[in-house]
Structures are given as structure tokens and as C-alpha cells.
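Engineer: Spelled out from the first residue to the last, the chains are:
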Amino acid sequence: MAVTTAKSAHRHPVAPRAKRMASRALIYAALLFWTFICLFPIYWTVTTSFKSAVDVTQAHLIPWVDFNPDWKGWRSLGLSPDTLFETSTARSEFVNRFINSIITSVGASVLALILGSLAAYGLSRFRYKFAWMRNDDILFFFMSQLILPPVVLALPFLVLYKALALLDTTFGLILLYTLTVLPIVIWIMRDQFNAIPVELDEAAFVDGLSAWGAFLRIILPLAFPGMAAAFILSLVLCWNEYFFAALLTSTDAKTLPVMVASQTGSQGINWWSMAALSTAAIAPLVLIGIFLERYIVSGLTTGAGK
Amino acid sequence: MQSSVDIADAVPPKAGMKRAVRRRATVGRILIGLASLVFLVVLVVQVLHAAGAIAAGFSTWRPILIVYLLWAIAFGTAQVLIRGERGQRALFLLPAVFFTVAVVIFPTIFGLYIASLDWNLSSIEGPHFSGLDNVRAMLSDTYYWNALGNMVFYSVAVLGEYAIAFALALLLSAEIRARKFFRVVFLLPMMLSPVAVSWMIGKSLLEYRFGPAATLARYLGWDNPAFFASPWMARFTIQAMDAWVSIPFIMIILLAGLQAMPKEVQEAAKVDGANGWQSFWHVTFPIMLPVSITVLIIRIIFKLKLADIVINVTAGGPGGATDTVSSFIYRVYRDRSNVGYGTALAMVYLLLIIVLLTLVLRLSKRWTQRVT
Amino acid sequence: MVKQQEHDQHPAMHPTRRTVLKSAAGAAALGTTGALGTFSELAFAQANLRAEITKIPGVGKGAPTDADWQKVGELCLGPTKASIKEGEFKGVELSFMGLNNQNLHNLLFRGFLKPWEAYTGAKISWIDLAQADYNPRLQQAIATGTVDFDILEMGAPFEGDVCGKGLASEMPDWVKKQIDIEDYVAYLKPPVGTWNGKTYRVTIDGDCHNFNYRTDVFSDAALAKAWKDAGNTSEWGVPKTWQQVQAVTKFLKGQKFKGQSVYGYLDAPKPWGGFGFYFLGSRATAYAKHPDDKAWLFDIDTMKPRINNPAWVRAIQDVIDALPSEPADQLNADPNTTGFQQFLAGIGSMIPWWGDIGQVAKASDTSVIGDTVGFDILPGSDDVYNSKTGQWDKLPSGPNNAPNCAYLGWGIYVMARVNGDEKKHKAAWSAAAHLGGKDLSLWTVMYPSGFQVHRTSHSHIDEWVAAGYDRKYITSYLNSQFNSYNHPNRAVEPRIPGIFQYYSIAEDELTKIFSGKVDAQTGANNIAAAWEKLTDQLGRERQIGLYKASFGV
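Just so you know, the sequences run in chain order A, B and C.
Under our numbering, think of the first position of the first sequence as 1, with each following residue one higher.
Under our numbering, think of the first position of the second sequence as 1, with each following residue one higher.
Under our numbering, think of the first position of the third sequence as 1, with each following residue one higher.
Just chain A, with the same shape it has in the complex (with noise of 0.2 Å):
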């Protein structure tokens, strides 16, 4: 509602200042709103590193007032600034851990950004036939991918992974990401294209374009704000896969998930440690999450320059 007031005080620039206001105020008391509702939590996760026992279990809120910070969490993974010189096993873990998770991320979400955007220039643009598939058809078969539950999987990968010998390697974790966040990337980006004017492709064509040369030079630049939010959207998805990490990595190609998940067992929950894994997990995607972010608003000076 506050959205829709302050669009029309935007567009009667006569309507009377005191209701402008409110609407300002409406709108801003929402955005702080839900700002705290998305921040509360992470807060608590990030100060929850800094906790001791006592201090979880008797819900300490604010560090310096309510409880004595300390490097509790992020010792145990030897990241404190007294135990980041020394040896830790952990630390080592944590690295090669996080290092994988960036390299399996990155390289299946920009796999699936390539393929997925292709196919969906594709199936936007035109019509094919393959058997009795058509363009619906097509699309529906990669939407299908997603569907199953992925955990019956398990012993078909096994037994793939095993006779192509990709059983803990980054590469194998990488197709089957790909695999995963394909159909999304597919069905964003077809929207995006879907979005953009044929005139566009058709003006190409006349000043000699062919079709691929009409899509890398012309469309694609457009489609930046998608592909953006498709490379976000991919990113997280992998970089937060949990079920087939622990099940087809061993020792090389491992990830972060499995180690946030070994917190808890039968010794309780190191809520600390916890924190501090999920902490440093999220920082990488947060920095992605800003950088990229531009690019999304870029639709704006593009869709304006239409």
C-alpha cells in the first residue's frame, strides 16, 4: 500500500505536503521493518560466534553490554587473532573447504549461465521441433529436472560417478550443480529475453547480423539485470548444497555445507563454532551479493535507453 501512495504523491507533485510525508514515512517505516526482520537473525548468528556457553544460554543480546565478546567461535576454527599463527586443523579444513566451495560455485553457476542463456535465446526467439517436442515441450523437460526429490539420487549418482571416475572431484560437483540450477537459469533468463523488444534482433539483422551475432552484441547486454540475478540466484544454491557434497565428495573436492552440519552430533551444539562457520560462510556471497547488485539496477539506464 505504502508503495502505491507514494507513486501517486510522486505523480501529483501538487498533492499536499503533509500527506507526502506520511507516505515518505509509511514507506521508509516498512524498508527499516523488514530491514531488521532480514538483520535480526544474521546479528544473531554473528554475535553468536562471540559467545561463550553461558552467554547462549541465557540469550545475551548485545556484546559489551549484556556479555563480554570474545574470539570464542572463531578460535575453534583457528581464526582468532591469537590461534591464526598457530597449527590448527580446523583452520586448514575450513580453507580447503571454502576454497573448494568457491571453485565449485562459481564454475557451475557461470556453466549453467552460459548454457542456460543460450537455450534460452533459443526458445525465445525461435521455434523448434525436435520429435514431438516443441518449444513448451523443451522447456518443460528442463523444468522437469528440478522436480525430483534429489535425495533418490544418491545411488544412481554413486554408481555414475563411480564408472566415469568423478567421485570426489570438483568437476563432478560442478556438472551436477550445473545440472541443478540450470532450469532456473533457463527459465529467468528466457524471461528476460522474452522482455526485450524482436525489434531489436530484426534491426540487427538488417545492418547483417546473423543470429548469433544479433544475440552477443545486441541482446545480451540487455539481459545483464537477469543474468545477474540468475548468477546470484545460482551462486547461493550451490554454494549452500548440502546433500549430494556429502555424499560424492571424500577428501579432495569437499565443500563448506558438511562441516556447518558437523557442529552438532553427540556432544550438543557448538553454537559458537557454528556461527562463526555460517559467518564466513555468508561473507563471500554478501560481497558478491553488493558487487552484483549494481548490475541489477542497470536495467534501469538500459530499459530507459530502449
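All clues stand as given, with none of them false.
Straight-line alpha carbon distances no greater than 16 Å define the calculated EDC-like cross-link-like pairs of lysine to aspartate or glutamate that follow:
#1 C:K438 / C:E182
#2 C:K533 / B:D133
#3 C:K81 / C:D439
#4 C:K165 / B:E125
#5 C:K424 / C:E88
#6 C:K394 / C:D383
#7 C:K512 / B:D141
#8 C:K55 / C:E74
#9 C:K304 / C:D293
#10 C:K438 / C:E463
#11 C:K304 / C:D536
#12 C:K90 / C:D421
#13 B:K18 / B:E85
#14 C:K225 / C:E235
#15 B:K365 / A:D137
#16 C:K256 / C:D220
#17 C:K123 / A:D252
#18 C:K253 / C:D329
#19 C:K250 / C:D229
#20 C:K71 / C:D439
#21 C:K533 / B:D141
#22 C:K114 / A:E86
#23 C:K424 / C:E117
#24 C:K71 / A:E86
#25 C:K472 / C:D371
#26 C:K548 / C:D293
#27 C:K61 / C:D470
#28 A:K162 / C:D148
#29 C:K533 / B:D118
#30 B:K365 / A:D136
#31 C:K55 / C:D462
#32 C:K71 / C:E52
#33 C:K114 / C:E86
Hint data in this document are derived by calculation from the structure and do not stem from the laboratory.
Given chain A, put chains B and C in place with the hints provided.
Structural biologist: Just chains B and C now, with coordinates in the frame of chain A:
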């Protein structure tokens, strides 16, 4: 928006080049034939080797993957040679198709096979064929039906997530200060892994004694803020946690859609003197409809696979109130190693979703066409 | 084995707690004097070593660090040095699969094995699993032939799946000697760790449910007065039977202690990947395990489930009756919650658990209750159900106790795939023997490691006191452990394949019962029906055979 116009079809092949085209086509066909032959020979050799019939062959099946890749490249090149411009267009789609087929074809076939087995990993006799017995057992499995019932609730709840996400997307595209800050912040919940969400939120923040949410609830006058003790409360809390994680997902796609929306359209609405609500309902919403349907369907599909949070936080309880099909299959397949039955359950579920999805897609298509 | 036979010969003997304690202490004394007599100098050096390692870093000085693990591993390298030449395993690469529980288990092993790797020249790569993934990963690796590890950390309940399928390597005699296998407590001796008469397991852990209670609650004068005021004739104190546990739990509802609401017994109704069933088991064994009968979970000749007999149904009903007196969110509590988020955080005054609680209450950062924990064997029952007669018996010796030997602990196993390679075989067993070393084990059971006492030599209270434990506290703790292990009527978990499948099915049905969807008897009947179906699926004849074998029949 549904403008899949076949542009290139309008351009007829130029006359006079027919011979060259025909020669290229021949080369292309030969290329496909050769590549297929090589692929088949290598495959047969490897199958025989694996079966122990011949000594020649590879120690793993990985070379088959490479030969397949080469075959796919040859096939793509041949398409261009044979069909020219149309072949080039096929090249957009082929990589994704070949990739998907290569990765899923074996698991799908093998999965269907497993679904027809009575196979408990702990059984020393190993698997034996049981036909449709698993499906028959499913019909009388109260856990499965209970979980399916819960999925209806979870799926319907997606509409709520969508409404909130749309509102947020609109807020973010309004003219506000610190837009960048809010955008990034609103994206954050998506980034926490489901494992971390289940523990740090489900088990810590919502903890009955020390969780700040419980403290707040007590302050607001709820004496016993047990978020997971009664069926409906537990269901809502699980749904809220899942919504917290997934609203940014919906929001970001809607936002990208809003950004790609041509400015002229809104300007036009403004000129017509529509008020905020009218311009939203008659202009923005219809234009966003294709994107909305996409995101809703993707989101529902994801929701239908909801498992991690349920497994960690409630294990399906209390009394199956929060159980999802995926979390039930998870227990059957992993905790009970009953892989034949588990796979059969999932295959039926897959079938069910595909049928429903087809229906929804058909309906939505008709609806979209009517609205736009 | 020995204990078991003794028991067979005197089926009517029901020792009191004191006699059991005495026999345990006697066995312990025998162990030491034996060692002293033969190698007194060696033993002296060993005693020094034991004193030295148990002071790293010292109990109450915070959780041990990586450096501590390595130091302990280094100091305990003696037996390895005696049998292996320096650099003997150069070029050998081993793969080790185990758990990463809160950065313990595998991470701890890494620390212990680092000096071993440096000395022998072997290199170990690690596969760390979260506990929830452990069982499926193992089963699926076996089923698809993707066993890619040489050494495996595994619980005894899985022995049927691994050793029964010929995937493990038999323990060489030099390893048995190096780890002093005779030192294991009775219930962890064969048949546990063996299969068809062959020994496979290096035991590093002992698992049994004991009874943990709050000493301050049960010695509180105000509560004692309120107890009397409520019309109770008995003294206020730690319950010794489940009947008393129920009464105390209901009484404590609404009472205050140190200004806070106090609760009695804590049940764990939420499923926990099969492990939650053990906690119903702990309530049930005193009712269901008759001293004249070895079986308590299934009938011995037919595998007919006993879960729906009056004993088990009574235990289930106890949970239903107690839940209203427990915290409001109890329905969503699994054992991890009751143990670590409730009991160690000061909520609730009685829980059954593995020895972790006692080990953690003192030496880890997770606990806030410290010294106020007391320990005992699981409560008994005034009457016990006799499956043969269908009657409830009152035993002449008093209440029936039946400690629940749940899970039987973790062990290290070497996989059969190293058998072809002599050097690798020796290296793998040397690594396993190092981890299962007698002195090293003393350290792991004293400090947070996830492992509990499992050797007779762990019962020397002086060693624990020297490490920094309070004598009264540790005596209480060790007695509860050893008295459970050595109890003649202990209920030992059957090591049949798929045992966790039975538990997992039961957990699902139990959560329905506890949330009030079905009554105890109906729910129990459902479990029994599902178990029968599972037994048929797994192969009834074979299951019966293995079930009998697990009793040593």
C-alpha cells in the same frame, strides 16, 4: 510479451547457392555418421570390456564422456553445415540439451529400475524385482499421504511469500534513499545455508528458553512461546523460516523483471491519470505476470522439495504435522536404507508434480493470454 | 563373555550395587597388579606417562586445542616406535573415514596421528562426515561398491553390515597385544567387536546410558520440605526407580528452585535419526529386561517384537504421563536438546544419557552446571515383566535394574581392501592401534573427545583426581559407568543388520503417540507390525541367526 516470433523463417535461403549448400549438407551428414560410428564403436568396446568379454577397453567410463562430447560437437557442426542458418539457431539450444541428457539419462533410467525393486541395503540377499509392489505399499502408507496433505499447505503458502516479495520489490524500485543498502540487506537471508538457518534460527533464535524470539513473544503477552509444540504453530513456524529464506529469491526475480519493464508503459499510465493502485493493477501487474508465473512455479517446485529445515528442526513432528514428502522420503531412503521403496515414492511424487504442473501451465497460459 | 557366562550359571543371582562395585574394583586391581608384576619398570614409566598426558591441558582449563592433541599423540607414540621402524611406511597413503562431531572425532584423530605420520612416513587423507550422513553414506558405499577408505571409525551396531559382508580386515595378533585388548570392560569383549569368531574392532569408546541428576536439586531443603508437605512419606532424594522418577517429575512441576522453575525428568520425544529410540529404551529396560531372560527387544527364537508387550507399553505410557510435567516445548526436544540445551544449561534435574554428559559437564565449554551433577546407573523398577509367563514379577532381591548398553561405542576398523598390500595393511593397523592405544585412551576419556571409558584401566580414580577432577564427582561418574557395564542384568543392544531401521520406524510412530494422535497400545502395535515387515524384508531366518549370535548363543 509472448513474442517468440520466428524471425529467420521470414528470410528465404538465397537462390543460386543451392549446390554449395547441398555439398555442405553432404559433408555434414558424413560428419554425423562418422562421429556416431566412432561413438558407438567406443561404447560397444567399453560395454564388452566392462562385461569382461574383451580385454581392450578403458579402466573407467570417463573416455566415453569425452567421446560423447566430441560427438556432440560434431553433431552441432553438422547441423550448421546441413541446415545453415537454421542449424545456427539450433546451436543455441543444443548445448543445454546435450548436457542435460548426458547427466540425467542414466540416473533417471536407473532410478526407475530401483523403484521397481524390493531393495533394502541391509538385506544380505540384495535387491529383487517386485514390480509395482512399492506403489501398492505406498497407497496404504499413512505417512506419505499425511506428508502430501502438508505439501498442499506449504504450496499455498507460497502465495503469501509472493505477495510480500512483490511488495518489497515495489518498495525497492520506489524512489528511496539508501536504495543500495536496502537491496543488499533484503537479499541477505537467502545466503544463509539451510543448515545454518535450521540451527541458528530454528534451534537458537526460536528456542523456548533463551531464544530472543521467545523472549519477545513473552514480552508481547504469550506465556508459553513454544513454536514447535502444537501442530499448526509448528507448521506456521516452519513455513515462516522457509519464507524468510526464500522471499529474497522471489523478490530479486521480480525486481529484475521490474527493471526490465519498459519505462514508456508506466509513463503512459501516468499520462492517463491512473492512480497508484490502478497503475499497479492494470499496468505493472499484467506486465509482470509472465515473470510472476515463472517465479511462482519455480518457487513451488522448490517448496515441494522442502526438507532440510524440517529434518533439522522438527524431524516432521509433532506427530507428522510438519512432515514433507521429501523429508519422509529422506527418512525412508537414508535412515532406513529402504532405497527401492524410497525411490518409488519419489517417482510417484515426480509424476504427480508433472501432471499438476502441466495443468497449471496450461491454465496460466490461457489466463495470461486473456489478461494481456 | 566371561561376565555373560557367570551370569548364565547363576540365573537367580541378583547382585546388589555394592557387590557389583566390589567385583569391578577387584577386576581393576587385578589388571594393574598383573602389569606391575611382570614389567614393573615399564609400568613405572607408563605411570609417569599417564600422569603427564592427563595434565594436558588440565581439567577445568578449557577445551584442549590442536597443539594439545598433537602433544598427546607424540607422547603416546612409544608402542608404535617399539614395533615400527622410523620411516617404515614411507610412500603409503591411507584414507580414513570418520565423523566430524563438533570438530572432534576425526579432527582429534588428525592431531593424534600427526606425530605418527611424521614418524612412520605414511600419509593419511581424511573423509569427515556429519553424524546424520554417516549411516546412509556407509550403507550406500557398501551397496554401490564405492568403499574408498582404508580405515573406518564405526559404531558396533553397524558391524553386521560391514564385517558380515566381509569388508573388514581381521585384527593381527600384534595389534591385540599393542592395544592390550584384554583390558576392555566385559561387555565390550567378544562377541562385541567380533564376527564369526574373528576380531575386527579397536575399541575407542564405551557407550551405555547412565542416569544423570542434579545434586543441588535433590539436596535442597526447601524442596525437601515441599515434598513432605505434599504428603510424601519417603525422604526427598534421588529416585532409584522409575516409579519414583514419575512421582518426582510430577511433584516438581510448578516448584521453584533458586528462583527459577524446576523440572524433573526430561524426555526426548522428537526423533533423532534413530538414536532417540535409545531413550525410550532406557525407560523400558527395567520393565522389560527380566534377569531370567536375555532378550528384551525381540523374542529370541522368532524375532517377534516385544515393543507392544505390557512392559514397553508401560514405558511409553510413562512418557505420555510425564510430558505434561515437563517444559512446554518438550515435544520438540530430541536427546541433543535434553542433554545439552536443557540439562547442561540448568533445566531439568534428571536425564539418561551416554557418558558425554559427565565428561562434558566438567571439562567443556558447553556446560554451565559444573559440579552439581551426580551419576548413577539407570533407575530400576519395583516389578519386571516376565515375557514367558506374561506376569509382572516382584523380585526377591528388590527393584529390577537393567542398564541400557546403547550403541556400544565407536571403534576403529581396518577395511579388507588393504589386505593385498602387506605394507599398507601393517600401516593401517598401526594407525588404528595408535588411536586405540591404552594410554591415549585415558586422555580421550578424560577430555572432550566424544569417547567414554571403555577399559578396566580407566577406573583408577587417583589418575582422574591427579588430572584435576573432583574426587567425589568422578567417583560418582565412574561408578555409574562401570556399574552399568558390569551389571549382570545389563541390556545389551543386538548387533543385527539394519537395527537403526527398526529404531527409525519406531521413532516415527512414537512421535504420533506422544503428540496424542494414537494411544500407547495402538501405536506400539503399529511399531510391532512395521518391525515384522522389516524383518521379513531383511530375511527373517538370517536375522534370527544374527540376533542369537549377538547374545553369544
